[in-house]
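So the sequence lines, in the order shown, correspond to chains U and Y. Residues 1 to 115 (our numbering) are what the first sequence spells out, left to right. Residues 1 to 211 (our numbering) are what the second sequence spells out, left to right.
Read the hints as simulated data drawn from the structure, not as lab findings. Model, not experiment: these values are computed from the prediction. The beta-carbon is built from N, C-alpha and C at its ideal position, and this holds for glycine as well. Please note: incorrect hints may appear among the correct ones.
Computed spacing ranges between beta-carbons, pair by pair [said to hold, decoys possible]:
1. U/57 x Y/183: 22 to 32 Å
2. Y/209 x U/7: 23 to 33 Å
3. U/34 x Y/80: 48 to 58 Å
4. Y/135 x U/71: 28 to 38 Å
One letter stands for each residue in the lines below.
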Amino acid sequence: MDQILKSLEAPINPNIPDLRTGDVVNVHVKIKEGARERVQVFKGTVLYKHNNGTNSTFTVRRVASNGIGVERTFLTRSPRIEKVEVERHSRVRRAKLYFLRKRTGKSARLKQKFN
Amino acid sequence: MLKGLIGKKIGMTQIFDENGAAVPVTVIEAGPCYVTQVRTEERDGYTAVQLGYGEAKPKRLTNGQKGHLKRNNLNLPPLKFLREFRVKTPAVNEGDKLSVDVFAVGEFVDVVGTSKGKGFAGAVKRYHFRGGPKTHGQSDRHRAPGSRGAGTTPGRVYKGSRGPGHMGDERVTSQNLKVVLLDAERNLIGVRGSVPGPRGGVVLVKEARKN
Numbered sequence: 001m002d003q004i005l006k007s008l009e010a011p012i013n014p015n016i017p018d019l020r021t022g023d024v025v026n027v028h029v030k031i032k033e034g035a036r037e038r039v040q041v042f043k044g045t046v047l048y049k050h051n052n053g054t055n056s057t058f059t060v061r062r063v064a065s066n067g068i069g070v071e072r073t074f075l076t077r078s079p080r081i082e083k084v085e086v087e088r089h090s091r092v093r094r095a096k097l098y099f100l101r102k103r104t105g106k107s108a109r110l111k112q113k114f115n
Numbered sequence: 001m002l003k004g005l006i007g008k009k010i011g012m013t014q015i016f017d018e019n020g021a022a023v024p025v026t027v028i029e030a031g032p033c034y035v036t037q038v039r040t041e042e043r044d045g046y047t048a049v050q051l052g053y054g055e056a057k058p059k060r061l062t063n064g065q066k067g068h069l070k071r072n073n074l075n076l077p078p079l080k081f082l083r084e085f086r087v088k089t090p091a092v093n094e095g096d097k098l099s100v101d102v103f104a105v106g107e108f109v110d111v112v113g114t115s116k117g118k119g120f121a122g123a124v125k126r127y128h129f130r131g132g133p134k135t136h137g138q139s140d141r142h143r144a145p146g147s148r149g150a151g152t153t154p155g156r157v158y159k160g161s162r163g164p165g166h167m168g169d170e171r172v173t174s175q176n177l178k179v180v181l182l183d184a185e186r187n188l189i190g191v192r193g194s195v196p197g198p199r200g201g202v203v204l205v206k207e208a209r210k211n
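This is chain Y alone, in the form it adopts within the complex:
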């Protein structure tokens, strides 16, 4: 069975484990997901499984989306989010339904999300630069990035140098989060630790890469 789900970040709380220790938990409402398409080497050049999640009103989908879900008489509900999971051997068929029971408590998962956007951020916030001294006659240099490079040689700033710029709102993966909570009835999955993105953000839950 494919170990992957699309879900929505609900938020964080803490629970007590069997030893009585408080464990930080991010709760994700994952699935039910439907296999909307299986990509094959022959037809698509790679193998992957496309999952759909999040029922929407039919009129919120474009006709293209509706047509895609209607292929092969799959009779799928109108799904808002479609995401692909790369796998070597797709052990699922189109139309299959996946729920949180593909995971088990104690397993490790990776969670992919879109981090919160921070806008145009300075180098102190973005790359943890130290900024300038707070005292000794400094003015307007407290959060400055400092020198960006050498002088006449090379006479330019090297590409890829760290500096101020747009921060956040990018794809981030949190690796090796332990599954501590499963609720098949409400499609909830709880992982230890934090997960990228705001509450209500769409996240992908996958089997951990580094297992």
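So here's chain U without its partners, still in its complex pose:
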């Protein structure tokens, strides 16, 4: 039975690279406004990933202009995601970066990881 469900899963979106928590990413999302379709970019840090087949998601956090944190969760396999660009990786020691929510300014920075 599990195999039948697996076979119905949505294909992996080829425009989404392998994401890691702590990555700074630009997510290009297709948005429908009436008949018009446009692309919106959401830039922020990947807080955590949830890997579960079709139901996989990743959550991106960004601090808006007025200092208010905005978190947005995307379905990884959604066809509404046009592409995801990774700007930089960060050195992180945990899978879920919940601690970033309580931090602002200098302490909210993550060390860049080069490879």
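Since the structure of chain U is provided, determine the placement of chain Y on it from the hints.
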């Protein structure tokens, strides 16, 4: 053609529709079903179609079941589950084979199943009673049902009052579920939303009553 099938609940997943929205889907392996008997007004007092589903080893069936499937030289496979669908005019013949193509994507169906058994459940779980206060000196009253009725008059609990008792494991119908997925090759049908019963449970898929 009769719009009804017997099937097995496979489980839930989600798919993306043409707009890119995620749709919750229950996948049901429905059919192939065989018409094992047509009930008629003259002979049985009502009209219905009896369908059979689920091939089993012949030795798993009783001789009575085998004999029933062998009537009229129908040459049916050994079927585990037989269910009746009430219809006004049975437009099928005994021995006919039905598969998922009796339904089409976009149609609405009702799905009948047996809900998961919850055992002896309290009134909070069973009827969504509020329970008692959590604080203010309450002890052992957190999930209590409260008063069951008035005092000396009538001096008894009215029949049918809601209270703790056995919950689940009963026939439940989910109405007006949209068909979003059909796979004739693997006999799969996907409906939007949930369906009663555990995975692997036997369900009936019918044309929606309220269409």
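Evaluated hints:
Distance hint check for residue 57 of chain U and residue 183 of chain Y: the Cβ-Cβ separation is about 26 Å, which falls inside the suggested range of 22 to 32 Å. As the Cβ distance of residue 209 of chain Y to residue 7 of chain U is approximately 32 Å, the hint placing it in 23 to 33 Å holds. For the pair residue 34 of chain U and residue 80 of chain Y, the beta carbons lie near 52 Å from each other, so the given range of 48 to 58 Å is met. Here the CB-CB span from residue 135 of chain Y to residue 71 of chain U is close to 33 Å, well matched to the stated 28 to 38 Å.
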